[in-house]
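Just so it is clear: in the sequence shown, position 122 is 122 by UniProt numbering, and no numbers are missing.
A couple of the hints might just be wrong.
Unchecked claim - Using C-beta positions, here's what the derived DEER-type ranges look like:
{"id": "1", "residue 1": "131", "residue 2": "4", "range": "52 to 60 Å"}
{"id": "2", "residue 1": "103", "residue 2": "54", "range": "40 to 48 Å"}
{"id": "3", "residue 1": "20", "residue 2": "114", "range": "55 to 63 Å"}
What the hints assert, rightly or not - Using 27 Å as the maximum straight-line C-alpha spacing, the simulated DSS-like pairs for lysine-lysine come out as follows:
{"id": "4", "residue 1": "82", "residue 2": "93"}
{"id": "5", "residue 1": "131", "residue 2": "54"}
{"id": "6", "residue 1": "49", "residue 2": "35"}
{"id": "7", "residue 1": "23", "residue 2": "35"}
{"id": "8", "residue 1": "126", "residue 2": "49"}
{"id": "9", "residue 1": "105", "residue 2": "93"}
{"id": "10", "residue 1": "126", "residue 2": "54"}
{"id": "11", "residue 1": "49", "residue 2": "131"}
{"id": "12", "residue 1": "126", "residue 2": "35"}
Keep in mind that the hints were calculated from the coordinates and are not lab data. Computed from a predicted model, the values in this text were never measured in an experiment. Every residue, glycine too, gets a C-beta built ideally from N, C-alpha and C.
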Amino acid sequence: MKEHTEQHLDKLAKKVIKSSGIKSPSVDFTTNVMKAVEHVSIGSSITYKPLISKSGWLVIISILVGVSVYMMFGNLDSTWVKSIDYSMISNNKLTELLSGVTFSKTLSYAIGFFGLLFFIQIPLMKHYLNKRLEY
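Produce the complete structure using the sequences and hints provided.
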C-alpha cells in the first residue's frame, strides 16, 4: 500500500515537472531588479549617533580643565585636605587579607597576555563593525 502511494506520488511529480517546462527570466530582468533596488529609500539606513554628545564632551572637558586649574593655582594648603584620614586606605582588613595572596609568574603572564589581547581586539572589532555597517 505504501509503495503504491509513493509510486503514484512519484508519477504525479514527474507529470507536473514535465508539464511546467523550463522557465527563464525576461530579457530585462536585471534592469528591473536594479531599478527596484534604486527605489529603496536610503533614509531608513542606520544613522550614527555617538554615545556621548558634543555638549556632554564639553561638560567633561570643562570639569577636567577646572579641576586641573584649581590643582595648579588653587589653595591646596587648606585645612580640609589635611583633615582627611588616609590611613584607612592602607590599614584595613581587606588589605590584610589580600596581602597573603600570591600569584605565580605563569598566572601573571597569562593575565597580562589576555589583557593585551583584549585591548588589541577592541580596535579590530570596531573596524569590523564599521565595515559591516557601511553600505
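Now for the hints, and whether the structure bears them out:
| no. | hint | result |
| --- | --- | --- |
| 1 | 131 with 4: 52 to 60 Å | holds, 58 Å |
| 2 | 103 with 54: 40 to 48 Å | holds, 43 Å |
| 3 | 20 with 114: 55 to 63 Å | holds, 60 Å |
| 4 | 82 with 93 | holds, 24 Å |
| 5 | 131 with 54 | holds, 24 Å |
| 6 | 49 with 35 | violated, 30 Å |
| 7 | 23 with 35 | holds, 22 Å |
| 8 | 126 with 49 | holds, 15 Å |
| 9 | 105 with 93 | holds, 26 Å |
| 10 | 126 with 54 | holds, 21 Å |
| 11 | 49 with 131 | holds, 16 Å |
| 12 | 126 with 35 | violated, 33 Å |
Going down the numbered hints, you'll see the structure goes against 6 and 12, while the others check out.
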